[in-house]
Amino acid sequence: MQVLKTKSNIYFILNKPLTSGRNIVRKKHFSLQIIALFVFSVCYPITSIAAKLTIEERLSLLEKELSDNKIALADNKRELQSTKKELNAYKALMEHKQRDVILSNNAPKGQDHIITEVTRPQPSYLSQQGTQPRQTAAVSEQKSLTLQQLSKYIKDDIGFSYNGYFRTGWATGSHGAPQSYAVGSLGRFGNENDAWFDLQLSQKIYDQDGKTAKAVVMLDGNVSPANSGGWFGSGTNYLQFSDMYLTTNGFLSFAPEADLWVGKHNLPIYEIQMLDWKMHRTEAGSGVGIENWQLGPGKFNVSLTRQDLNDHALDYAATGSTEVVNTNGIDARYKMPVWDKGTLDVFGRYVMANRNDTNRKDEDDGSYYTLKDAWQGGVALRQNFARGGFNEFTLQAADNSIASGYTLLTGANPSYGYNDDYIGQHSYGKAYRLISQGEMYLRPDVIMANALVYAFGNDIYSYDTGAHTDFNNIRAVIRPAYVWSQYNQTGVELGWFDQKK
-17 MQVLKTKSNI YFILNKPLTS GRNIVRKKHF SLQIIALFVF SVCYPITSIA AKLTIEERLS
43 LLEKELSDNK IALADNKREL QSTKKELNAY KALMEHKQRD VILSNNAPKG QDHIITEVTR
103 PQPSYLSQQG TQPRQTAAVS EQKSLTLQQL SKYIKDDIGF SYNGYFRTGW ATGSHGAPQS
163 YAVGSLGRFG NENDAWFDLQ LSQKIYDQDG KTAKAVVMLD GNVSPANSGG WFGSGTNYLQ
223 FSDMYLTTNG FLSFAPEADL WVGKHNLPIY EIQMLDWKMH RTEAGSGVGI ENWQLGPGKF
283 NVSLTRQDLN DHALDYAATG STEVVNTNGI DARYKMPVWD KGTLDVFGRY VMANRNDTNR
343 KDEDDGSYYT LKDAWQGGVA LRQNFARGGF NEFTLQAADN SIASGYTLLT GANPSYGYND
403 DYIGQHSYGK AYRLISQGEM YLRPDVIMAN ALVYAFGNDI YSYDTGAHTD FNNIRAVIRP
463 AYVWSQYNQT GVELGWFDQK K
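Residue numbers (my numbering): -17 to 483.
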């Protein structure tokens, strides 16, 4: 049997031999029929015979196939675009990572060395006649500097620097605007409703042969947080020059490491940060001082300053009369290490009046208060902790008008005057203070700040209750805080005080 295939059909032809003549005739006849049928099938497939399609139907089928092909092509294009997009994003990510790696490897670390030329001026010498200075050529040399050293060199060469501080924020109260109360006793967190600032400007004016000189100006004041206008001199808007002085280093032959300054300035203050007052300070006009004088194991600071006060008349309430009295004070301090991260400060201050003839006459006839000498002394032991924080214990004592500052609920500064005024009949009464302040990490993410003050005195002039006052007070403030991250922490402050006069 043979199998014939056409475009649309398959046919079978039997090739079995036939022996008889009749069979031969039949075979021929049968073969002709099969061949005829095959030719007919080729020309007209069975499917064409079974179901003839119209031209419209054929066009419809072609259009459907074309539409299906277009849809498939669009799907393929979308898939191709998506693949390209993912590939480009992946390439960009890899390029970015490679660039970061290259930049991080090539970025300056502050210790990278740069070869630069440094010119050192040479000192000039007088000629043999002693009239005209003989100039010598500057010497240039190449030095290898790190970026940190180069940055410091540029800053030092320019010689200008500034630093400052300000506090501000928003607050309201349940019955109108917020009011501060006994900030120096209850604490300042959420209780201090001003916006104080200071700005210090420093310019180097001389630097040669190991000797330097700088001019320093300090501005400070307050901007009212309650008003949109902030003109200085209106309301609670203030501005003053609290410092204006010249400081030098290397000019003292007996103490070349020490700083010598002259002008309106005072020695550094000792502050109780959480209560916003100073346990030791010098209110000063102009003066002269030496700081960082190395004596033995420690450093010695000393200053002589002036502070003129408005002495009140005894009948000030009725007349408002005052007269100016010149006063001068000396402040001396010595700080030395006692053990690892521990230091001991010993400090003292003495202030006296420098009266003119009018001052003496008015004091002698009892029309004005008599300015009496006053002193303060103390010691402070400070311990810094290895993982951050510190604790400081202070014992101090004072008499006369300086002791009067111990009685104040706010701004309990050891001041010789009350602001720029001298008030009261002082009788050499004495007052004492014990102070503990600090902050420590209870855990790596929990920090506790604290301040505790106990003060008492006898026969003190109080600006609230008058002469011959006995008092004692205690102030306690704690501020625990949780450290969320390197940049955020949340704290709460709790304060309590009690005072009896």
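Careful, some of the hints might be misleading.
The calculated BS3-like cross-link candidates involving lysine-lysine, where the alpha carbons are at most 30 Å apart (straight line), are [claimed, not checked]:
{"#": "1", "residue 1": "K193", "residue 2": "K66"}
{"#": "2", "residue 1": "K323", "residue 2": "K343"}
{"#": "3", "residue 1": "K323", "residue 2": "K412"}
{"#": "4", "residue 1": "K67", "residue 2": "K79"}
{"#": "5", "residue 1": "K66", "residue 2": "K134"}
{"#": "6", "residue 1": "K186", "residue 2": "K196"}
{"#": "7", "residue 1": "K186", "residue 2": "K59"}
{"#": "8", "residue 1": "K281", "residue 2": "K246"}
These aren't lab readings, by the way, just hints derived from the structure by calculation.
Computed from a predicted structure; not experimentally measured.
Here is how each hint holds up against the structure:
no.	hint	result
1	K193 x K66	violated (68 Å)
2	K323 x K343	violated (54 Å)
3	K323 x K412	violated (33 Å)
4	K67 x K79	holds (18 Å)
5	K66 x K134	violated (51 Å)
6	K186 x K196	holds (4 Å)
7	K186 x K59	violated (70 Å)
8	K281 x K246	holds (22 Å)
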